[in-house]
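Undergrad: As a plain string of letters, each chain reads:
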Amino acid sequence: MVRVRPGGEEPMKLTCKEASRLISLGLDRELGLSERASLRLHLALCDTCNKLKAHFEFMRQALSSYSSAGRDDGDDDPGKRRDL
Amino acid sequence: MPPPVIELRELESHRTALVRFAMAQLRDETHAEDCVQEALSAAIQNADLFAGGSSVRTWLVGILKHKILDHFRKASRERAIVDDESSYDELDARFKQDGHFIEAPAAWADPEQALSQREFFEVLEACMDRLPGNIALVFRMREIMGADVDEICDELSITPNNCWIMIYRARMSLRECLEKRWFASAPGAKSR
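Heads up: the sequence lines are chains R and S, in that order. Throughout the first sequence, residue numbering follows our numbering, covering 1342 to 1425 in sequence. Throughout the second sequence, residue numbering follows our numbering, covering 1467 to 1658 in sequence.
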């Protein structure tokens, strides 16, 4: 992502570092209005952080299916059920 | 409709899987067996509460999670969880001075498909095992036990801010580990 930072601070503009923290935070608590607005602005422009967000969301899904499947010796394959 | 009936034998048939799940969380066979025993006893006593909507396994894992959380709670009273004072800044190694990623996350090919592969869950487990102790504990409580941050803070006597930082660190590490050990090498993961 190419980002220019014209002189002076722009409070609405996040770096990827800041965005990554907000993405994580958003999975654990509701973001405030300005947090949400600045994150949305960043995500509209940043492909990398969209990937990161998708990865975090996928990890949550994987960890929850890991626990509900209870991982048996293959008789309870979570993938099987989706095919029904 | 008559309430669903669960037979003792059926409950017992899940024991092995439950112990494996508990082992993954607790890393201690005796504690894992204890938690599973408690969960099965609770299930037998409350069999009439089983709603029948979900599978028996899901129901049992739900009970087991509570028992494991109880265990974490007791354990945290015995050994104080070190309040992880390290700030976000410790993670700056992943970012350049200007806040950009040094190594940007790659596109993951067909993550949905990974969820149907046993090998993926083995990698996931191995990656979870690599998380440092306290971070792993907080992250497991959050993502596997489904506790919210307030509960975790209460139980471990840490601040919400610390909790969020620890979870963030866990997510960043786990993400990198999965990318390296699964998505960069999994069959069919060559589209970049």
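Treat the hints as calculated values from the structure; they're not laboratory data. Every residue gets a Cβ at the ideal spot worked out from N, C-alpha and C, and that includes glycine. Be careful, since some hints might not be right.
[Unchecked claim] Computed beta-carbon distance windows for the label pairs:
hint, chain 1, residue 1, chain 2, residue 2, range
1, R, 1385, S, 1508, 28 to 34 Å
2, S, 1475, R, 1385, 52 to 58 Å
3, R, 1389, S, 1486, 45 to 51 Å
4, S, 1478, R, 1377, 45 to 51 Å
5, R, 1375, S, 1494, 40 to 46 Å
[Claimed, not checked] Capping the alpha-carbon separation at 16 Å, the derived lysine to aspartate or glutamate pairs in EDC-like fashion look like this:
hint, chain 1, residue 1, chain 2, residue 2
6, S, 1562, R, 1376
7, S, 1533, S, 1569
8, R, 1358, R, 1371
9, R, 1392, S, 1585
10, R, 1358, S, 1499
11, R, 1392, S, 1642
12, R, 1354, S, 1569
13, R, 1354, R, 1369
Undergrad: Mind checking the alpha carbons of residue 1358(R) and residue 1371(R) for me, to see if they're no more than 16 Å apart?
TA: violated, 19 Å
Undergrad: For residue 1354(R) and residue 1369(R), compute the direct alpha-carbon distance and say whether it is at most 16 Å.
TA: violated, 22 Å
Undergrad: The hint says 52 to 58 Å between residue 1475(S) and residue 1385(R); measuring C-beta to C-beta, is that right?
TA: Check passed, 56 Å falls within 52 to 58 Å.
Undergrad: Can the suggested window of 45 to 51 Å be confirmed for the beta-carbon pair residue 1389(R) and residue 1486(S)?
TA: With Cβ atoms ~36 Å apart, the hint is violated.
Undergrad: Could you say whether the range 40 to 46 Å given as a hint is met by the Cβ separation of residue 1375(R) and residue 1494(S)?
TA: holds, 45 Å
Undergrad: Regarding the pair residue 1358(R) and residue 1499(S), is the alpha-carbon distance no greater than 16 Å?
TA: Violated, at about 42 Å.
Undergrad: Regarding the pair residue 1392(R) and residue 1642(S), is the alpha-carbon distance no greater than 16 Å?
TA: Judged against 16 Å, a Cα distance of about 12 Å means the pair holds.
Undergrad: Are the Cα atoms of residue 1354(R) and residue 1569(S) separated by 16 Å or less?
TA: violated, 21 Å
Undergrad: Are residue 1562(S) and residue 1376(R) close enough, with their CA atoms no more than 16 Å apart?
TA: The hint is violated at about 22 Å.
Undergrad: In this structure, is the beta-carbon distance linking residue 1478(S) and residue 1377(R) contained in 45 to 51 Å?
TA: Between residue 1478(S) and residue 1377(R), where Cβ atoms are some 48 Å apart, the hint holds.
Undergrad: Starting from the range 28 to 34 Å, see whether the pair residue 1385(R) and residue 1508(S) falls in it by beta-carbon distance.
TA: This hint is violated: roughly 48 Å between Cβ atoms.
Undergrad: Holds or violated: residue 1533(S) with residue 1569(S), Cα cutoff 16 Å?
TA: violated, 40 Å
In summary, the structure is inconsistent with hints 1, 3, 6, 7, 8, 9, 10, 12, 13 from the numbered list given earlier, while agreeing with the others.
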